[in-house]
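Take a look at the letters that make up each chain.
Protein chains: 2
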Amino acid sequence: MHVFTYACLVSTQAQVLYDFAAEPGNNELSIREGETITITNQNIGGGWIEAKNSKGEVGLVPEDYIEVSAEDDEWDEEWDDVKSSGGYAESEAGEGGAINRGGAHGSSMKIALNNGEVGPVWAYPDYQLDCVVADPKKGSKLYGLKSYIEYQVTPTTTNKPVNHRYKHFDWLYERLLEKFGSAIPIPCLPDKQVAGRFEDEFIKMRMERLQGWMTRMCRHPVISSSEVFQLFLSYKDEKDWKMGKRKAEKDETVGVMVFSTIEPEGLPDLDLIEVEQKCEQFNRFTRAMDDGVKDLLTIGNEHWKRCTGPLPKEYQRIGKAFQNLSSVFTSSGYEGEAALTDALTAAGKTYEEIAQMVAEQPKKDLHFLMETNNEYKGLLGCFPDTVGVHKAAIEKVKEADKLVAAGKITPSDKTTMSKRASTMSYSLQAEMNHFHSNRIYDYNRVMQQYLEQQVKFYEMIAEKLRHAHSRFTTM
Amino acid sequence: MHVFTYACLVSTQAQVLYDFAAEPGNNELSIREGETITITNQNIGGGWIEAKNSKGEVGLVPEDYIEVSAEDDEWDEEWDDVKSSGGYAESEAGEGGAINRGGAHGSSMKIALNNGEVGPVWAYPDYQLDCVVADPKKGSKLYGLKSYIEYQVTPTTTNKPVNHRYKHFDWLYERLLEKFGSAIPIPCLPDKQVAGRFEDEFIKMRMERLQGWMTRMCRHPVISSSEVFQLFLSYKDEKDWKMGKRKAEKDETVGVMVFSTIEPEGLPDLDLIEVEQKCEQFNRFTRAMDDGVKDLLTIGNEHWKRCTGPLPKEYQRIGKAFQNLSSVFTSSGYEGEAALTDALTAAGKTYEEIAQMVAEQPKKDLHFLMETNNEYKGLLGCFPDTVGVHKAAIEKVKEADKLVAAGKITPSDKTTMSKRASTMSYSLQAEMNHFHSNRIYDYNRVMQQYLEQQVKFYEMIAEKLRHAHSRFTTM
Numbered sequence: 001m002h003v004f005t006y007a008c009l010v011s012t013q014a015q016v017l018y019d020f021a022a023e024p025g026n027n028e029l030s031i032r033e034g035e036t037i038t039i040t041n042q043n044i045g046g047g048w049i050e051a052k053n054s055k056g057e058v059g060l061v062p063e064d065y066i067e068v069s070a071e072d073d074e075w076d077e078e079w080d081d082v083k084s085s086g087g088y089a090e091s092e093a094g095e096g097g098a099i100n101r102g103g104a105h106g107s108s109m110k111i112a113l114n115n116g117e118v119g120p121v122w123a124y125p126d127y128q129l130d131c132v133v134a135d136p137k138k139g140s141k142l143y144g145l146k147s148y149i150e151y152q153v154t155p156t157t158t159n160k161p162v163n164h165r166y167k168h169f170d171w172l173y174e175r176l177l178e179k180f181g182s183a184i185p186i187p188c189l190p191d192k193q194v195a196g197r198f199e200d201e202f203i204k205m206r207m208e209r210l211q212g213w214m215t216r217m218c219r220h221p222v223i224s225s226s227e228v229f230q231l232f233l234s235y236k237d238e239k240d241w242k243m244g245k246r247k248a249e250k251d252e253t254v255g256v257m258v259f260s261t262i263e264p265e266g267l268p269d270l271d272l273i274e275v276e277q278k279c280e281q282f283n284r285f286t287r288a289m290d291d292g293v294k295d296l297l298t299i300g301n302e303h304w305k306r307c308t309g310p311l312p313k314e315y316q317r318i319g320k321a322f323q324n325l326s327s328v329f330t331s332s333g334y335e336g337e338a339a340l341t342d343a344l345t346a347a348g349k350t351y352e353e354i355a356q357m358v359a360e361q362p363k364k365d366l367h368f369l370m371e372t373n374n375e376y377k378g379l380l381g382c383f384p385d386t387v388g389v390h391k392a393a394i395e396k397v398k399e400a401d402k403l404v405a406a407g408k409i410t411p412s413d414k415t416t417m418s419k420r421a422s423t424m425s426y427s428l429q430a431e432m433n434h435f436h437s438n439r440i441y442d443y444n445r446v447m448q449q450y451l452e453q454q455v456k457f458y459e460m461i462a463e464k465l466r467h468a469h470s471r472f473t474t475m
Numbered sequence: 001m002h003v004f005t006y007a008c009l010v011s012t013q014a015q016v017l018y019d020f021a022a023e024p025g026n027n028e029l030s031i032r033e034g035e036t037i038t039i040t041n042q043n044i045g046g047g048w049i050e051a052k053n054s055k056g057e058v059g060l061v062p063e064d065y066i067e068v069s070a071e072d073d074e075w076d077e078e079w080d081d082v083k084s085s086g087g088y089a090e091s092e093a094g095e096g097g098a099i100n101r102g103g104a105h106g107s108s109m110k111i112a113l114n115n116g117e118v119g120p121v122w123a124y125p126d127y128q129l130d131c132v133v134a135d136p137k138k139g140s141k142l143y144g145l146k147s148y149i150e151y152q153v154t155p156t157t158t159n160k161p162v163n164h165r166y167k168h169f170d171w172l173y174e175r176l177l178e179k180f181g182s183a184i185p186i187p188c189l190p191d192k193q194v195a196g197r198f199e200d201e202f203i204k205m206r207m208e209r210l211q212g213w214m215t216r217m218c219r220h221p222v223i224s225s226s227e228v229f230q231l232f233l234s235y236k237d238e239k240d241w242k243m244g245k246r247k248a249e250k251d252e253t254v255g256v257m258v259f260s261t262i263e264p265e266g267l268p269d270l271d272l273i274e275v276e277q278k279c280e281q282f283n284r285f286t287r288a289m290d291d292g293v294k295d296l297l298t299i300g301n302e303h304w305k306r307c308t309g310p311l312p313k314e315y316q317r318i319g320k321a322f323q324n325l326s327s328v329f330t331s332s333g334y335e336g337e338a339a340l341t342d343a344l345t346a347a348g349k350t351y352e353e354i355a356q357m358v359a360e361q362p363k364k365d366l367h368f369l370m371e372t373n374n375e376y377k378g379l380l381g382c383f384p385d386t387v388g389v390h391k392a393a394i395e396k397v398k399e400a401d402k403l404v405a406a407g408k409i410t411p412s413d414k415t416t417m418s419k420r421a422s423t424m425s426y427s428l429q430a431e432m433n434h435f436h437s438n439r440i441y442d443y444n445r446v447m448q449q450y451l452e453q454q455v456k457f458y459e460m461i462a463e464k465l466r467h468a469h470s471r472f473t474t475m
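Those protein sequence lines, which keep their order, are chains A and B.
Residue numbering for the first sequence follows UniProt numbering, beginning at 1 and increasing consecutively.
Residue numbering for the second sequence follows UniProt numbering, beginning at 1 and increasing consecutively.
This is chain A alone, in the form it adopts within the complex:
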């Protein structure tokens, strides 16, 4: 329980998140949003704590209606506020806190897997979910003792923004990893970072990466329709969010259990050899792509360094050399020098401008190429684990005959295991097909963007030089 955790650490003061009107005769205390209260007893239980307001009035308030500092610390690991509360939280599950999110699969709902043109595919929704991560705002709690950045996340479905801090994204990541990690590679979030995390440049970069991560999650039919993801994108209010969080953390259909919810509709069971072959094929491909992506990143990094380091310096020196020569020429005292020296100075300045352009260009093109490849590097890094789960299942099926012979499992158990392995293989195929179609889309888009910006860059240089050229007189 976060109240307890922090009471002794920092302060027993808390801020009121929502209005609460005390029911008369219940020993309750009315509180108003934004008010600061002092906690006098956090060991009441049942979701209540005892607090004192600024007027000195004491009474019980709902624990969820207030907040102390547990969530202020962006890098702390202290957020399993429910789990640490022991036997308490259970009581709320039935209280109607979690909204029934329309169209979302609950943990017990089936994940459809169809036979598409390219083989097994996930069931894609008619409408592709997306969201915008924007408007990072600095907030503070505990009277400025703790600061954080809050991002506005607006799903295209509702167009209603919700606010989330990095730690909420991280919470979502952990839930998705736990629940779907065996079947779907869940890419890591952009790195945590302590130093400089309030600097504009960093905030912008993190926002961009969170946007990339969210877009990828939105695009995934299984993830985007999951209850936890829907909660994250469209919780109604703080209470709804807290309820939903607790529910998600109690979800038991996680790990390999997720395969039990996958239904390969109209797909025949695969035999072991086919399963193994598919698995090996994907393994080879993802490893080869991982190498290719890392290679491109290495080269991209070197190119970035050259483009922002020695290359613009050289153009600048060329520019300076022209301008220097121009000023020497000016000192000649010779008549009719001005046309040349003016043109030479202009040419020199042009090269200085080019230096500037060269240095700034990577942010306009190479950056996105690198970001996309970085995303894929992260995504590809998840595949060995996903593939590992499949390999383990295959090994189990291989052992099944012995186990049946030894009387340790029934032939029916063996059939179930084979069926499960087949389902896993189908879902891996569906996942690979999802991966491929996204990859084709992403690389098409990023290459187009990269080349478009490169074209503009070289055209602009040519234009600048054409202008510089025109200043020299033909004799």
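Incorrect hints may have been included.
What the hints assert, rightly or not - One side only, chain A facing chain B, incomplete, derived with CB under 7 angstroms:
hint: 1; residue: Trp-48
hint: 2; residue: Thr-253
hint: 3; residue: Val-254
hint: 4; residue: Gly-292
hint: 5; residue: Lys-294
hint: 6; residue: Trp-304
hint: 7; residue: Leu-325
hint: 8; residue: Val-328
hint: 9; residue: Ile-440
hint: 10; residue: Asn-444
hint: 11; residue: Val-446
No lab work stands behind these hints: they were computed from the structure.
For glycine and all other residues, C-beta sits at the position ideal for the given N, C-alpha and C.
Using the hints provided, position chain B relative to the given structure of chain A.
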């Protein structure tokens, strides 16, 4: 005498340069161009040697009509074939060998110096001389024992080509330096080089530099109208060339003597302070320009290295990385991959082409910028000597008063010295004005050329990338 020099060294055989018809009863031997003869006695004197033809016939032939190997050795210093002949050559001066070249100043002719708009200027001819150095041909003498490269030099005046080897250019350079070096900076020829001097690349480069040097000499009104330069450009035949060479080598109006031939028409004598000021001004300017040019050369060299070394390698690696990714994608087995992989391969190849373009571009633009600045570096390197001559003259005039007082020179001598210093200052001014106008022309031209090529380069890259971009499908 070259025949003697080489007779004991290599062979007594010689090749006949021109037809010669023996006069009957004179003990002479008729020879034909291209014929090989054996020298039987080179100590005849009077311009004659005794030789034997292939039929075994023996007789006297004119020394100048044959050639052994003295001129075959491009790097040897063995060419003062006349000077080493002792008292002999004199006899030929009157024999009508040297043609009276129309419009050329003989050594005794006056060099006009006028008052132009920018101050003292050389008298410029109505028609600007120029020449084309082209068509380098490998020749050999002594039955292939000695090889050389001969360039065809065609003056725009006569349009009649003459052939010259590097050593002839060098001979001309020495004559010009000796005769005009005190008044006019004579830039060095392109370097001598032994290793690789028959390689196409080297021959092309040397020819280009000889062309640059000749063009600069042609543009100079004093040099281009000098007898020795006219000889070099338009000698009638081998005999005329040899006669002219001997005459030029005997020219006594060399060194500071050249100032006695300069006539500042309508220009008043300058006083010592003015002379000194002008001298200092030019000294300052040429030194500053020397620094500026060297600076540009240093940067240009670094840029050259980068453009031909690491930069194209990087573009190549980018190109390879794209192509590599494309072939990984092809291995996915996913349907509908071809459009992307084709486009990605094309983009990769485009970057490889760009790598090639980057590596080759310096030859198209930076090269000429470097060559021009190299030429100017050479030219500016001559100025300290030229300025030194003037400073020495100024010092002499400064001492003149003492010398007059000590009775060592007459007041009239002093007046002559002052007059000479004044003439030197005017000619330095004329030379500086010549230098400035050429410099403005040259830098205008080379900057135009450089920028034009740069524009083309960047436009072509943009065009290539635009094409690569168009291959990606918009989704």
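Now the hints, each set against the structure:
1. Given the 7 angstroms rule on beta carbons, the hint for Trp-48 of chain A is violated: about 55 angstroms separates it from the nearest Cβ of chain B.
2. Here the hint on Thr-253 of chain A is broken, as its CB sits about 30 angstroms from the closest CB of chain B, past 7 angstroms.
3. A distance limit of 7 angstroms between C-beta atoms decides the matter here; for Val-254 of chain A the minimum to chain B is near 30 angstroms, and the interface restraint is violated.
4. A distance limit of 7 angstroms between C-beta atoms decides the matter here; for Gly-292 of chain A the minimum to chain B is near 4 angstroms, and the interface restraint holds.
5. At a threshold of 7 angstroms, the smallest CB-CB gap from Lys-294 of chain A to chain B is about 10 angstroms, leaving the interface hint violated.
6. The interface hint given for Trp-304 of chain A is broken, as the beta carbon of that residue sits about 11 angstroms from the closest beta carbon of chain B, more than 7 angstroms.
7. Given the 7 angstroms rule on beta carbons, the hint for Leu-325 of chain A holds: about 4 angstroms separates it from the nearest Cβ of chain B.
8. Contact between Val-328 of chain A and chain B, as hinted, is supported at the beta carbon level, the nearest pair being about 5 angstroms apart and thus within 7 angstroms.
9. Using the Cβ-Cβ criterion of 7 angstroms, the hint placing Ile-440 of chain A at the interface with chain B is satisfied: the shortest such distance is roughly 5 angstroms.
10. Taking 7 angstroms as the C-beta cut-off, the interface hint given for Asn-444 of chain A holds, the closest approach to chain B being about 5 angstroms.
11. A cut of 7 angstroms between beta carbons decides the hint on Val-446 of chain A: the least distance to chain B is about 10 angstroms, and the hint is violated.
Hint violations for this structure: numbers 1, 2, 3, 5, 6 and 11, all remaining hints satisfied.
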